[in-house]
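In this note's numbering, the protein residues as written are 15 to 121.
Check each hint, because a few of them may be wrong.
Unchecked claim - Restraint ranges, calculated between C-beta atoms of paired labels, are given here:
#1 N86 - R44: 37 to 45 Å
#2 I93 - R19: 41 to 49 Å
#3 K88 - N109: 48 to 56 Å
#4 P30 - Y53: 18 to 26 Å
#5 K88 - A37: 20 to 28 Å
I should point out that these hints are in silico values taken from the structure, not numbers from a laboratory. None of the values given here were measured: they were computed from a predicted structure. Cβ coordinates follow ideal geometry from the N, Cα and C atoms, glycine included.
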Amino acid sequence: MITARQIKKIVKQAYPFNKYPFAERRKLRRLLTDEILSYLEEHPDTTFDDLKMLFINEELAFLSDTPKFQINLKILFLISIIIVLICIIVIFIANQLHPPIYYYRIK
Numbered sequence: 015m016i017t018a019r020q021i022k023k024i025v026k027q028a029y030p031f032n033k034y035p036f037a038e039r040r041k042l043r044r045l046l047t048d049e050i051l052s053y054l055e056e057h058p059d060t061t062f063d064d065l066k067m068l069f070i071n072e073e074l075a076f077l078s079d080t081p082k083f084q085i086n087l088k089i090l091f092l093i094s095i096i097i098v099l100i101c102i103i104v105i106f107i108a109n110q111l112h113p114p115i116y117y118y119r120i121k
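Put together the whole structure using the sequences plus the hints.
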């Protein structure tokens, strides 16, 4: 009998953490879990090793890791330029403002 823990282990090996983004990985893992459960209903005498052979793609282990976050350097450069310009404008405006000067008469 296959336990839920063994199914989770197969699903995590089939869709590893570093290969897919969070939302896609979650959806794929849910679909694979449903597929494994339906397969187990049809073939109740299946062993853990048989499930691993059926549902885990060994070729994925040899693929290079894809980055989780795609960072566009042009956007980062543009954001940094905007921040620098805003800082320069704030400094310029702050230098133009003069605090009020109070004179005290001494009697």
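Status of the hints after comparison with the structure:
no. : hint                   : result
1   : N86 - R44: 37 to 45 Å  : violated, 30 Å
2   : I93 - R19: 41 to 49 Å  : holds, 45 Å
3   : K88 - N109: 48 to 56 Å : violated, 32 Å
4   : P30 - Y53: 18 to 26 Å  : holds, 21 Å
5   : K88 - A37: 20 to 28 Å  : holds, 25 Å
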